[in-house]
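With these hints in hand, go ahead and build the complete structure from the sequences.
Taken in sequence, the protein lines are chains A and B.
Just so we're aligned: the first sequence equals residues 0 to 43 in numbering that gives the first Met the number 0.
Just so we're aligned: the second sequence equals residues 0 to 409 in numbering that gives the first Met the number 0.
If you're looking for bench data, these hints aren't it; they were derived computationally from the structure.
All residues carry an ideal CB built from backbone N, CA and C; glycine is no exception.
Under 7 Å between C-beta atoms, here's a sample of chain A residues computed to sit facing chain B:
1) 1
2) 5
3) 15
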Amino acid sequence: MVIAALVCFTILFVAWLLAPEHPRAATPLAAAPDVEPMPLLEAA
Amino acid sequence: MPEISAGDTAWVLMSAALVMLMTPGLALFYGGLVRRKNVLSTIMHSFFILALVSVTWVLWGYTLAFGPDTGLGLIGGLEWLGLDGVTGEPSSVYATTVPHLAFMAFQMMFAIITPALITGAFAERKRFKAFVLFAVAWSTLVYAPIAHWVWSPDGWLFGLGMLDFAGGTVVHLSSGVAALVAALFIGRRTGLIEPATEPHDVPMTILGAGLLWFGWFGFNAGSALAANGLAATAFVTTNTAAAMAALTWVTLSWLHRGTPSVLGAAIGAVAGLVAITPAAGYVTPGAAVLIGMGVGVVCYGAALLRLRSRVDDALDVFSVHGVGGAIGALATGIFATTAVNAAGVDGLLAGNPGQLLVQALGVGVVAVYSAAATAAILIVVNLFVPIRVPRPAEEAGLDLAQHGEIAYQP
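See the structure below:
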């Protein structure tokens, strides 16, 4: 059971390593701090 | 087989729940201090760690910190990996009147909040993926060994007689020093309003400080690990030091800046709570007054120095937790008395100057180890995942850039 639990955590850990950055993090954004926020409904 | 006490078990489990509440409280405390575009990312650091370390502690953290020693007093073995052998029966070593699982859960909450404290230093510019890797590594390679040194009966600092009732060195000094190293490594935030960026929501920070104060009764009085007079002593010294430090910080800000700062009351209270943490079960309420006032003065000065130093420890983690933890650990060596806790040791004022030296040694070792190990972890993590977000993402705010969400509708 302990081994299975460690495997489960490892799966998550690898997923974190492989997970993409949010698209907006990789896209140059307007320098202004009050950049237009993404509508929540659109994000969902 | 030791017998379980219903009262002790109830108190330790209740205390674990109180300490758990401190991490969301910390999230609010920090969340109010940052700019509105970074509040979610700041809260997420603490909330994610609550989940993350809950799992790693069960899987390997607890056995490394509290498991049977590997021989040198440096780290626990793997006998309790995945809580194997940790049951509803009492341990023969730790808190022998409560279920071993209750003691483990209580300690888990300490392991959770410690790396969460560090997040205040790199707020508003750390990449979330790098933060996750850092949190796992730091919890495993820094927190677990230090907890073993100080709190395991086989730990080498424990063997020297070092006193740390509830984590002045294990929790606060280690995280405070790590925060300073992290702030130096990651660099200053962009777009700061000089001399300091204004908090976006002071009431949120005050609410967070209130929850921290409330939870700290579990942190310190719970560290008696029994529902007894020692718990009551720690409860009273904790409240007294927090109150005195809050009064001191407000007074200093009033004299220095001309107004009694509301934010100063919250930060002062936290500084007092930090400083009394290692001493809570070893000193009198009178000593708690002195400790609270002393840490209020010193931490206020440390926060001013930090502003002038240009080190962007964004939320003053080092000034409050690093300096406060060191002050508290040293104060324990001065004010500790066996009249309060027969299982403790007398300090300087009770005729045992050697205790102050032991405390100073512990402070030095924990600070140096935490600094070196934190630097190493940051360097390695940065090789795989850049610690800092790109400048455009930082300018847009991490809530949107890293999490795709915003805290407040325009």
